[in-house]
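Below, each chain spelled out in residue letters.
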Amino acid sequence: MSKLRPSHEKKREVRFSEWMDGSVDPYLGNLELKPQELQKESRQQFEERIRDYAQLNADLYDTEKNKGVKAFNLIYKISSVIWILLLIGVMLLTVSYLPPNGGADNPANNEVTERYIEKGLQETGAVNIVTGMILDYRAFDTFGESNVLFIATITVLILLRKNKKMHNEFDMKDDTDEEKYEPKSDSILQTVAKVLVPVILVFGIYVILNGHLGPGGGFSGGAIMGAGLILYCMTFGFEKTERFFTENTYKWVCFTALTVYCLSKAYSFYTGANGLHSHIPLGTPGAILSSGLIFVLNICVGMVVTCTMYTFYAMFRKGEF
Amino acid sequence: MIRIILSSVFIIFGLLLFATELYGVNKFSFIMNRMHAAAIGDTLAMMSCMTGLIIYSGFNATSLKLLLVVVFLCFSSPVASHLIMNLEVETNEKADSHFETKHIEETEQDPKEGLEE
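Line by line, the protein sequences are chains W and R.
The first sequence begins at 1 in my numbering and counts up by one.
The second sequence begins at 1 in my numbering and counts up by one.
Just so you know, the hints here were simulated from the structure itself, not pulled from any lab data.
Among these hints, one or two may not hold up.
Below 20 Å or equal to it, Euclidean Cα-Cα: the simulated SDA-like pairs (lysine to any residue) are [said to hold, decoys possible]: (1) W:Lys194 x R:His82; (2) R:Lys65 x W:Ser220; (3) R:Lys65 x W:Leu201; (4) W:Lys194 x R:Ser81.
Here are a few chain R residues that sit away from chain W, every Cβ distance over 10 Å (derived from the structure) [as the list claims (entries may be wrong)]: (5) Met1; (6) Ile4; (7) Leu15; (8) Leu17; (9) Ile54; (10) Tyr56; (11) Gly58; (12) Phe59; (13) Phe75; (14) Val79.
Cβ atoms here follow ideal geometry from the backbone N, Cα and C, with glycine treated the same way.
Go ahead and model the full structure; you've got the sequences and the hints to work with.
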């Protein structure tokens with residue numbers, strides 16, 4: 001390290017080791033990337049920020065005049081700590097009852113997988129074992145997932161949706177300007193999208209309907225259909241999508257899909273738990289109209305996922321459908 | 001035997017194109033040259049490899065699905081490259097020093113303007 005020639009910095013090995021360490025970014029300076037500037041805050045800005053924060057707190061929670069808020073804050077902090085400790089205790093207690101990790105006699109290693117593999121086709125009627133597990137043995141879990149998607153969309157709607165009543169004239173004028181100057185879509189993209197969008201939508205429907213026979217299902221097929229809708233909206237604008245997809249469409253499709261899922265699964269849980277004979281025929285395995293409720297549930301999940309994806313896109317881009 | 005040789009010729013040609021793509025993307029310093037190199041890999045190399053796999057698999061359902069993938073990529077990836085390049089042309093701050101742009105003037109007039117006048 002003591003006697004190094006000045007030319008050693010340009011050697012291939014040194015540059016390679018520098019690149020490996022990450023001390024030198026080889027792209028910086030060679031490409032048209034710009035290094036990100038560090039955010040610098042002057043003394044005055046810092047003081048202003050601190051003062052604003054203090055004033056905001058004082059305005060919101062006027063603790064000196066309002067003794068009730070102060071007491072509530074104290075109780076809130078103490079009760080949150082107690083609640084979290086209680087939760088940790090319950091979790092640890094539950095963990096202590098679990099079988100040891102990796103034990104050969106654990107039920108997960110023997111009974112559950114055996115049952116799924118040996119009796120899955122007979123009990124669910126789905127050739128695809130994974131779909132049979134997701135939508136029959138663990139249908140409750142999938143119902144929760146669909147509801148999570150629905151709740152996430154509703155949260156995005158609450159946060160990002162434009163309220164037309166709240167807008168004054170100045171804002172409305174701004175909006176129209178923005179739409180006027182939005183770059184017009186490319187004619188090459190429009191020509192290609194005319195061909196591709198129907199193909200993508202049909203492929204998505206195929207994946208949803210084929211869920212119990214092969215790889216696929218509601219989630220993946222819904223994602224494909226949502227991508228097709230987003231491509232259509234990107235190319236032709238919101239005017240064209242508003243003809244078939246508005247807020248009411250979203251509401252009713254999601255509501256019907258989740259209700260059908262809930263009711264049909266409630267029927268099968270009720271009959272299964274009470275040992276009654278279920279009246280839904282399982283059909284011949286391998287046929288497209290088979291496996292009883294799984295076919296319906298796949299369609300419901302697919303509808304919810306499609307609507308969720310498109311609504312996310314519309315909300316983040318424009319704030320309305 | 002002939003089928004295997006033919007398919008391997010196609011796949012090796014595609015892999016060579018992928019190698020040129022990787023070399024070009026890492027070698028060039030200007031974005032348009034890099035995009036040109038990347039577009040070669042996206043279109044021709046991918047289609048050549050897929051054609052090799054179709055020939056290797058023979059005439060059955062798998063090769064039909066691969067053919068659909070080729071058709072889909074043939075439509076989508078050139079358009080994706082075109083859109084990225086379009087964005088670069090529109091947003092480059094030093095556009096005049098790098099390349100010259102020819103804006104195609106719209107010959108069709110808006111019918112509404114004529115009515116108002």
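Inset, instruction - Compare the distance between the alpha carbons of Lys65 of chain R and Leu201 of chain W with 20 Å, and conclude whether the hinted pair is satisfied. - result: Since the Cα atoms of Lys65 of chain R and Leu201 of chain W sit roughly 17 Å apart, the hinted pair holds (cutoff 20 Å).
Inset, instruction - May I ask you to check that Val79 of chain R keeps its beta-carbon over 10 Å from the closest beta-carbon of chain W? - result: violated, 5 Å
Inset, instruction - Find the nearest Cβ of chain W to the Cβ of Leu17 of chain R and say whether that gap is larger than 10 Å. - result: holds, 23 Å
Legend entry - Leu15 of chain R remote from chain W - nearest C-beta pair above 10 Å: holds, 25 Å
Inset, instruction - Could you grab the alpha-carbon distance between Lys65 of chain R and Ser220 of chain W and see if it respects the 20 Å cut-off? - result: holds, 18 Å
Legend entry - Given hint His82 of chain R paired with Lys194 of chain W - CA-CA distance at most 20 Å: Judged against 20 Å, a Cα distance of about 17 Å means the pair holds.
Legend entry - Assertion that Ile54 of chain R lies farther than 10 Å from chain W (Cβ): Non-interface label on Ile54 of chain R holds, nearest chain W Cβ at 19 Å vs cutoff 10 Å.
Legend entry - Restraint check for Lys194 of chain W with Ser81 of chain R, where alpha carbons must lie at most 20 Å apart: With a Cα-Cα distance of about 18 Å, the restraint between Lys194 of chain W and Ser81 of chain R holds, given a limit of 20 Å.
Inset, instruction - Report holds if the minimum CB distance from Gly58 of chain R to chain W is greater than 10 Å, and violated otherwise. - result: holds, 21 Å
Inset, instruction - Over 10 Å to the closest beta carbon of chain W is the bar; see if Phe59 of chain R clears it. - result: Consistent with the label, Phe59 of chain R stays out of reach of chain W, its closest Cβ about 21 Å off (over 10 Å).
Inset, instruction - Report holds if the minimum CB distance from Phe75 of chain R to chain W is greater than 10 Å, and violated otherwise. - result: Since the minimum Cβ distance to chain W is about 5 Å, Phe75 of chain R lies within 10 Å and the statement is violated.
Inset, instruction - Would you assess whether Tyr56 of chain R, listed as outside the interface, keeps its beta-carbon beyond 10 Å of every beta-carbon in chain W? - result: holds, 22 Å
The structure shown violates the earlier hints numbered 13, 14.
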